[in-house]
Amino acid sequence: MKRDPSPTTLRSQLTAFFRVIASIIWKDLTVELRSRELLTAMLVFALLVVLIFNFALELDVKNRTGVTPGILWVTFTFAGTLGLNRSMAIEKDRGCLDGLLLVPVDRSAIYFGKFISNLAFMVIVEIIILPVYSALYNVNLFHPGLLLVILLGSIGYMAIGTLLAAMSVQTRTRDVLLPILLFPVVVPVLVAAVKSSGGFLQGSELAEILPWLNLLIAYDVIFIAIALMLFDYIVEE
Amino acid sequence: MSFQEITPDTSVYMIAGFTVFFGMMAIYLVSLFFRWRILKRKLELLKNMEKRKNS
Amino acid sequence: METRPFGLRILDAVTVLLLIAATCMVFFYAPREAAMGEVQRLFYFHVAAAWVGMLGFVAAGAAGIVYLHTQHIIWDIIESAAVEISLVFFFIAILLGSIWARPIWNAWWTWDPRLTTAAILELIYIAYMMLRQGIEDPDRRARFGAVYTLVGVLSIPITFLSIRLFRTIHPVVIGTASEAARGMFGMTPPMKQTFFFCFFIFTVIFADLFWNRILLGNLSKKIDQLRYRLM
Amino acid sequence: MIVVKNLVKRFGLKTVLRGVDFQVEPGEFVALLGSNGTGKTTFLRILASLSRPTGGNVRIAGCRLPAQAEAVRSRLGFVSHQPLLYGDLTTEENLYFYGRMYAIPNIEQRISEVLDMLGLDFHRRDLVRTLSRGMQQRLSIGRAVLHDPQVLLFDEPYTGLDQNASVMLDKMLSRVAARGRAVVITSHDLIHIEDLATRYDILGRGLIVASSTREKLGRGSLLTFYRQAFQGA
Numbered sequence: 008m009k010r011d012p013s014p015t016t017l018r019s020q021l022t023a024f025f026r027v028i029a030s031i032i033w034k035d036l037t038v039e040l041r042s043r044e045l046l047t048a049m050l051v052f053a054l055l056v057v058l059i060f061n062f063a064l065e066l067d068v069k070n071r072t073g074v075t076p077g078i079l080w081v082t083f084t085f086a087g088t089l090g091l092n093r094s095m096a097i098e099k100d101r102g103c104l105d106g107l108l109l110v111p112v113d114r115s116a117i118y119f120g121k122f123i124s125n126l127a128f129m130v131i132v133e134i135i136i137l138p139v140y141s142a143l144y145n146v147n148l149f150h151p152g153l154l155l156v157i158l159l160g161s162i163g164y165m166a167i168g169t170l171l172a173a174m175s176v177q178t179r180t181r182d183v184l185l186p187i188l189l190f191p192v193v194v195p196v197l198v199a200a201v202k203s204s205g206g207f208l209q210g211s212e213l214a215e216i217l218p219w220l221n222l223l224i225a226y227d228v229i230f231i232a233i234a235l236m237l238f239d240y241i242v243e244e
Numbered sequence: 482m483s484f485q486e487i488t489p490d491t492s493v494y495m496i497a498g499f500t501v502f503f504g505m506m507a508i509y510l511v512s513l514f515f516r517w518r519i520l521k522r523k524l525e526l527l528k529n530m531e532k533r534k535n536s
Numbered sequence: 262m263e264t265r266p267f268g269l270r271i272l273d274a275v276t277v278l279l280l281i282a283a284t285c286m287v288f289f290y291a292p293r294e295a296a297m298g299e300v301q302r303l304f305y306f307h308v309a310a311a312w313v314g315m316l317g318f319v320a321a322g323a324a325g326i327v328y329l330h331t332q333h334i335i336w337d338i339i340e341s342a343a344v345e346i347s348l349v350f351f352f353i354a355i356l357l358g359s360i361w362a363r364p365i366w367n368a369w370w371t372w373d374p375r376l377t378t379a380a381i382l383e384l385i386y387i388a389y390m391m392l393r394q395g396i397e398d399p400d401r402r403a404r405f406g407a408v409y410t411l412v413g414v415l416s417i418p419i420t421f422l423s424i425r426l427f428r429t430i431h432p433v434v435i436g437t438a439s440e441a442a443r444g445m446f447g448m449t450p451p452m453k454q455t456f457f458f459c460f461f462i463f464t465v466i467f468a469d470l471f472w473n474r475i476l477l478g479n480l481s482k483k484i485d486q487l488r489y490r491l492m
Numbered sequence: 103m104i105v106v107k108n109l110v111k112r113f114g115l116k117t118v119l120r121g122v123d124f125q126v127e128p129g130e131f132v133a134l135l136g137s138n139g140t141g142k143t144t145f146l147r148i149l150a151s152l153s154r155p156t157g158g159n160v161r162i163a164g165c166r167l168p169a170q171a172e173a174v175r176s177r178l179g180f181v182s183h184q185p186l187l188y189g190d191l192t193t194e195e196n197l198y199f200y201g202r203m204y205a206i207p208n209i210e211q212r213i214s215e216v217l218d219m220l221g222l223d224f225h226r227r228d229l230v231r232t233l234s235r236g237m238q239q240r241l242s243i244g245r246a247v248l249h250d251p252q253v254l255l256f257d258e259p260y261t262g263l264d265q266n267a268s269v270m271l272d273k274m275l276s277r278v279a280a281r282g283r284a285v286v287i288t289s290h291d292l293i294h295i296e297d298l299a300t301r302y303d304i305l306g307r308g309l310i311v312a313s314s315t316r317e318k319l320g321r322g323s324l325l326t327f328y329r330q331a332f333q334g335a
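Residue numbers (the working numbering), protein chains in the order written: chain B, 8 to 244; chain R, 482 to 536; chain Z, 262 to 492; chain S, 103 to 335.
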């Protein structure tokens with residue numbers, strides 16, 4: 008690597024990095040606050056999925072606790088792809104992605120910015136769905152462990168989802184392609200998240216849940232690292 | 482384990498299995514062969530076109 | 262590269278002969294397994310096909326890394342060839358596994374970690390094919406293909422781990438739980454010899470198909486080049 | 103300011119640029135002309151560090167591409183034929199967003215300056231998607247000059263503009279070019295370009311086939327020059 012003519016210190020590079028991340032998050036939230044397209048779509052869709060499960064699975068009291076983690080994660084997964092597609096379409100429609108790529112900062116900052124705002128949208132949807140679900144089915148979901156699992160699972164899902172959405176938005180089939188690309192590679196997240204959510208809800212011992220939590224954390228770390236390495240190849244010609 | 486003493490007759494499944502194996506291999510080979518032939522034909526066509534263009 | 266090189270023709274012939282030899286060995290040399298009967302003979306080809314699938318999987322991942330590093334189109338051709346062969350052979354392995362499982366476990370499908378992982382890998386490969394189909398520009402197709410291959414290659418071991426963990430915590434095995442029924446039969450020496458012979462033969466089959474498929478990819482690239490020149 | 107030597111760009115099998123040599127001094131306003139599909143956009147995208155060159159040397163403001171892309175990007179403004187603006191943000195917010203990412207000191211003041219210059223002060227709080235195409239294009243220029251770059255690149259800025267908007271754009275272009283910047287503009291609209299640019303380079307089949315300055319050509323003869331260049335090539 009060659010040095011820039013105007014030598015910049017690591018510290019100023021870091022501030023630039025975080026400033027870009029913060030700007031992208033600010034921008035995404037402002038746009039969303041104004042149009043409310045993305046969150047509305049995700050929320051309505053998530054509620055519909057919960058509703059459909061009620062009829063599809065006949066959720067009587069006996070069944071509920073067993074299938075609750077499964078229903079929650081299916082809902083989050085589907086709503087998540089909806090959000091990812093929309094969030095990337097915003098960048099692609101008016102060529103804004105090029106505008107971001109022109110900013111003098113390492114491209115991983117753009118990945119992180121989009122990743123964190125996508126994650127924020129997913130977490131917002133989850134925060135709304137959880138109380139609604141517990142009210143509708145009379146299940147207490149407010150367990151700190153469960154919240155931790157949901158956060159870890161969403162991180163893993165969005166880490167790889169942001170990367171693949173940046174890819175699928177540049178193809179001919181666009182939004183159809185994203186779930187097809189994404190679902191087979193997030194299987195470990197779903198397995199681990201469903202299992203550990205179930206563990207917390209049924210009050211299993213921590214030793215039983217711990218392997219799943221470790222798996223989630225490992226997945227998160229590995230896939231954030233991978234996405235950082237590969238993001239450049241996706242946005243550059 | 483009752484069936485450990487008497488060997489069950491599973492030859493039908495065996496025959497089905499090997500049929501599937503050789504069938505799949507054949508399908509793949511045939512697909513490779515046809516793709517190869519189609520490409521060769523295209524190549525011939527393009528070469529002729531190039532010759533005509535040059536002459 | 263309009264005609265296949267002499268070496269490849271010889272390899273083709275050798276491969277066919279070896280496959281015939283392997284088939285004979287499976288039928289006539291390997292003894293009948295007492296607990297499962299004739300269907301156990303599928304085991305040799307089943308495992309060997311999965312082995313070829315694994316070879317293709319590793320080759321695709323390696324080619325993906327090299328492509329992203331060098332950006333040379335030949336590595337993209339190699340990568341897609343490896344994916345295609347791996348797709349076919351994992352599919353064969355899954356089918357043979359199912360047919361084997363039916364009389365033994367009384368079910369076509371068990372959610373065994375290896376079997377499930379293979380099925381998920383098939384889905385990743387299909388997604389890979391669809392991704393490539395959706396991109397016009399050959400450079401971008403190659404880049405995205407390589408990126409997705411790498412994502413798949415890294416997620417598969419974790420998937421396998423997670424499904425195995427899933428099974429160990431919930432030890433509900435469909436069908437009988439006897440050792441024999443789970444496929445862990447003791448192999449007699451002739452069985453072992455057949456097994457390793459099949460492994461070897463299928464590696465040769467892999468090499469032969471891989472070579473052929475790479476030539477096919479090369480030919481297709483050449484045609485695109487020629488067509489572009491004529492336009 | 104811009105030095106390009108033997109630039110080659112291939113997309114898969116297509117060779118779009120086959121050895122372009124190109125140079126722009128500070129204060130020069132270069133029009134890059136040529137019919138569609140001759141690689142004008144590709145060329146500008148390489149200069150803007152959005153696309154990697156396959157071969158050759160590119161230096162912008164003394165920095166090499168793509169090795170020192172970040173340094174180049176901070177000295178460069180790029181206006182694409184897409185506006186690169188967010189429809190659901192206001193005029194002011196769009197500039198604020200880009201300004202923050204470029205780390206511009208006194209952002210508010212700089213935004214006011216730019217909006218004044220563009221004549222968009224009145225639309226400060228309008229959502230970008232409610233603006234006309236011409237106003238969006240002007241704002242897009244504002245976005246590109248926000249960080250006061252030494253090099254400005256315009257890719258087909260006249261596409262989709264009506265007569266009034268084009269005249270307005272002419273004014274903007276001459277205003278942003280007047281500060282000793284190096285400007286490169288691509289277009290197939292010869293009429294507007296003729297009065298603006300100081301030099302005309304013609305790109306045909308991936309090479310610069312002809313080049314001339316305004317002084318040499320004299321008024322009204324760009325079209326003839328353009329035609330001759332293609333007959334010669």
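A few of these clues could be false.
[What the hints assert, rightly or not] Once the Cα atoms are required to be at most 27 angstroms apart in a straight line, the calculated DSSO-like pairs of lysine-lysine come out as: (1) R:Lys521 / Z:Lys453; (2) S:Lys116 / R:Lys523; (3) B:Lys99 / S:Lys116; (4) R:Lys521 / S:Lys107; (5) Z:Lys453 / R:Lys528; (6) S:Lys116 / Z:Lys483; (7) R:Lys523 / Z:Lys483; (8) R:Lys534 / Z:Lys482; (9) Z:Lys483 / R:Lys532; (10) R:Lys521 / Z:Lys483; (11) R:Lys532 / Z:Lys453; (12) Z:Lys483 / R:Lys534; (13) S:Lys107 / R:Lys528.
[Unchecked claim] To spell it out: a stretch of chain S is covered by chain B in this simulated footprint if at least three of its residues, at any positions, have a beta carbon under 8 angstroms from a beta carbon of chain B; those stretches are: (14) 179–188; (15) 214–228; (16) 292–301.
FYI, nobody ran anything at the bench for these hints, they're computed from the structure. Think of the CB as a built atom: it goes at the ideal place given N, C-alpha and C, for glycine as much as any other residue.
Query - Given hint Lys116 (chain S) paired with Lys99 (chain B) - CA-CA distance at most 27 angstroms - result: holds, 25 angstroms
Query - Coverage criterion applied to the segment 292–301 of chain S (partner chain B; beta-carbon cut 8 angstroms; 3 residues) - result: violated (count 0)
Report task. Take the C-alpha atoms of Lys483 (chain Z) and Lys534 (chain R), compute the straight-line distance between them, and say whether it is at most 27 angstroms. Result -> Holds: Lys483 (chain Z) and Lys534 (chain R) sit about 18 angstroms apart, inside 27 angstroms.
Query - Given hint Lys107 (chain S) paired with Lys521 (chain R) - CA-CA distance at most 27 angstroms - result: violated, 40 angstroms
Query raised in the report: Is the Cα-Cα distance between Lys483 (chain Z) and Lys532 (chain R) 27 angstroms or less?
Result: holds, 16 angstroms
Query raised in the report: Against chain B, does the segment 179–188 of chain S show at least 3 residues with beta-carbon separation below 8 angstroms?
Result: Our answer is that it holds, as 7 residues pass the Cβ test (under 8 angstroms) against chain B, meeting three.
Report task. Decide if the proposed pair is consistent with the structure: Lys107 (chain S) and Lys528 (chain R), CA atoms, cutoff 27 angstroms inclusive. Result -> violated, 35 angstroms
Requested in this report: For the pair we were handed, Lys523 (chain R) and Lys483 (chain Z), check the Cα-Cα distance against 27 angstroms.
Outcome: holds, 11 angstroms
Requested in this report: For the pair supplied as a hint, Lys116 (chain S) and Lys483 (chain Z), confirm whether the alpha-carbon distance does not exceed 27 angstroms.
Outcome: Holds: Lys116 (chain S) and Lys483 (chain Z) sit about 13 angstroms apart, inside 27 angstroms.
Requested in this report: Assess, step by step, whether the Cα of Lys532 (chain R) is no farther than 27 angstroms from the Cα of Lys453 (chain Z), and give holds or violated.
Outcome: Cα-Cα ~59 angstroms, so violated.
Report task. Decide if the proposed pair is consistent with the structure: Lys521 (chain R) and Lys453 (chain Z), CA atoms, cutoff 27 angstroms inclusive. Result -> At roughly 43 angstroms apart (the allowed maximum being 27 angstroms), Lys453 (chain Z) and Lys521 (chain R) break the hint.
Requested in this report: Quickly compare the C-alpha distance for Lys534 (chain R) and Lys482 (chain Z) to 27 angstroms and report which way the hint goes.
Outcome: With a Cα-Cα distance of about 21 angstroms, the restraint between Lys534 (chain R) and Lys482 (chain Z) holds, given a limit of 27 angstroms.
Hint compliance for this structure: hints 1, 4, 5, 11, 13, 15 and 16 are broken, all remaining hints hold.
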